[in-house]
Amino acid sequence: MRFVRTRKEGEMDRRSKPGLFARKPGSGFRISVVLIAILCAVSKLPATPQTTLRAPGKSYGVSTAPIKMEVYSDYQCPYCRAFYDQTLTQVIRYYVPSGKVYLVHHDFPMPMHKYSGEAARWANACAEVGQFEAAETALYDNQDAWGSDGDIAKYIAAAMPASDFKRVEAIMKQGAMPAPQAHFPSADPMTGIVHPCPVDPYIAQDIRLGYKISTPGTPAFVVTYKGHTFAPVYFAVSWPVLKQLFDTLLQQ
Amino acid sequence: MEQTSRQKTGKILLTIGRIVLAGIFLAAAFGKLKPLAGMPWTVASVKTSLAMFAMGVDSFQILPAWAVSPLAHFLPFFEIVLAIWLLSGFALRVSSLLSTLAICVFIYAMFSAWHRGLAINCGCFGQGGAPIGLWDLTRDAVLFLPLSLAIFIGSIFMRRSKRVESATPVAQHTTA
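Chain order of the listed sequences is U and H.
The letter at position 22 of the first sequence is residue 6 when you use the numbering used here, and the numbering goes up by one with no holes.
One gets the numbering used here by counting positions in the second sequence from 1 and adding 515 to each.
So here's chain H without its partners, still in its complex pose:
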C-alpha cells in the first residue's frame, strides 16, 4: 500500500499546518498566563494575569459581568488543550473544526469592538499593545482562519483517501 507523492505532500503540509496552528494557540495561552510586570512564575501571579485578562474580556462589552471571569479562566487552558490536541493529530477533524470555530468567535469579537469604535487591546497574546485595528482583523481573518480551515479540509481529504486505500485491496480480494 504505497502512498502517492501527492498524498505524502498533503500529509507533510497538514503536519506543518497543525504545528503552526498549535504554536499560535500555545503562544496565545502563554501570553495570557505569563506573570505580569516582572512577577515570578507562581500560582498567585498566574491568577493575577488571569484577572487582568478578565478585564480584557470585559472590555469587549459583549458578555454579561458574571460570564467574564469564567471565560477568562477557561480560555487559556482551552487553547493549551487545543494546541496539544492538534499536535497529537488524534481526531484532527474535530480539533481543527474547534480551532476554526474559536478563531471565528475571536474575529467576531474583534470586529464588533472595532465596529463600535472601542479603543481596546485585543488581548489575544496578553495584555497591553495597540488598540484593535485592521492589522488584528487581517491577521486573524487572512492568516489564522484560512490556516485552520485548510487543516480541517485537509484532514477530511486525508481521511477519505485512507478509506479508499483500505477499501481497494478488500475489493480485489473478493473478486479474485
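Just chain U, same shape as in the assembly:
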C-alpha cells in the first residue's frame, strides 16, 4: 500500500516537475524505495534504548502456558491482600500446576503505604534466592502486623529456612530506605533512592510497566491468551468470574 502510494507520488512529481527526474527515468522511484526502507528501519528502533532486566522468579507456573496473567500489586494494599487470598490462591492451586496459567507478579508499591516499597524489596530479595512464594504468602498473611510497625524481617525469617533468610538479609543490607515507589507516571521510580538495593531496578521496572498499562492503583492485572492481550483490569475480581474467563479461553 505504502509502496504503491509512493510510486504514484513519484509519478505526480515527475509530471509537475519534468526536469527533476529527466536524466534517469525511474531513479526517483528507486530513491523513494531506499528512503522508505531507511525510514522503516529507523521507525523500528526504540525511541530510547531500554534494556529489559531479567527479573527474579516472581512467577508461578510455566511461561508456555496458554494463559498469562500479569498482576500488579502492593503488599500493603488491603484490596491486593483480598485479591490474593480469595482469587489468586485459587489460580495458584487449580490452574498453575496443570500448566494452564502462568501467573506473573509485578510490584506497584503505592506511596500512601509507608512500608510498601520495603516489602517489595523483601519479596524481590526472596525471589533472588527462590523463596518468592513463601515471602508473598508471609507478607499478605501478616499485612496488618508489619503494616503497623514495619518489622517485615520477622515474618520473612519465619517463612523460610535460616540459610535462605541469611542470603536474603545479605541482599537487603546493601540498601537503605527509602525504597522505590510509584509516585507519578512521569517520575523515575529510582529518583531519591540514596542507597539502592540490588533488587531496586526490578521494582522500578515493574512500576514503569504498571504505568504503561495506565493503572490508577492496585490491584490491576492483564490477561494474555495465546498472544492476544486483553484490556487491563484495574480491580479485584472474584474467583468464580475469573474462573469463568479462564475456562472460556481454555475451551477455544
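Since the hints were derived computationally from the structure, they do not count as laboratory data.
Under the rule of at most 30 Å between Cα atoms (straight-line distance), these lysine-lysine pairs were calculated in the DSSO-like manner:
{"#": "1", "chain 1": "H", "residue 1": "Lys549", "chain 2": "U", "residue 2": "Lys52"}
{"#": "2", "chain 1": "U", "residue 1": "Lys196", "chain 2": "H", "residue 2": "Lys549"}
{"#": "3", "chain 1": "H", "residue 1": "Lys549", "chain 2": "U", "residue 2": "Lys84"}
{"#": "4", "chain 1": "H", "residue 1": "Lys562", "chain 2": "U", "residue 2": "Lys52"}
{"#": "5", "chain 1": "H", "residue 1": "Lys549", "chain 2": "U", "residue 2": "Lys210"}
{"#": "6", "chain 1": "U", "residue 1": "Lys196", "chain 2": "H", "residue 2": "Lys562"}
{"#": "7", "chain 1": "H", "residue 1": "Lys562", "chain 2": "U", "residue 2": "Lys210"}
Start from chain U and add chain H according to the hints.
Just chain H, lined up with the frame of chain U:
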C-alpha cells in the same frame, strides 16, 4: 382524518428519538459482544467478551458473585432486543419505559461506584477506557435518560391524540 402539523412534528421527533436510543443500545451491545484483542468473530470469542464483561459487572461490587455471570450474559442480548423493539415502534410505551428503567439502573450503578471511590471502567460500551467519572454520569443522566423519558412521554401523548381522533368521527356520526 388529517394530522395536524404539530402531530406530524411530534411523530417525526419520536421516530428520530427512538432511532437514536435504539442506536445507543445497539452500540452498547456491540461493544460488549465484539471480540477482544483482535480475535475473529466466533462463538468462542464472543463468549470470551462476555466473560470479560462479567468481570466488569463484578467490579461494581453490587451483585453477589453467583448473579454476576447470568446478568453479564443477559444484558447485551436484552439491549439488542430493546433496540429492535424500539425500532419496530410496537408498544412503544412499554419499550421506552423499559429503556428508561434500564438507564436509571445504569446511572444508579455508576453513581454508586463513583461515590464509593471505585476506579473502575463503566463497561457501558465494552471494556477498557477511563474510570467512571462525571462525564459518564452526565452522559447518562443528561443525554440518555431525558431522551428515553421524552420518548416515553411522547408515546403516551401520541396514543392519547390517536384515541381522541378515532373517537371524534364516531361522536359526529351518532349525533347526526
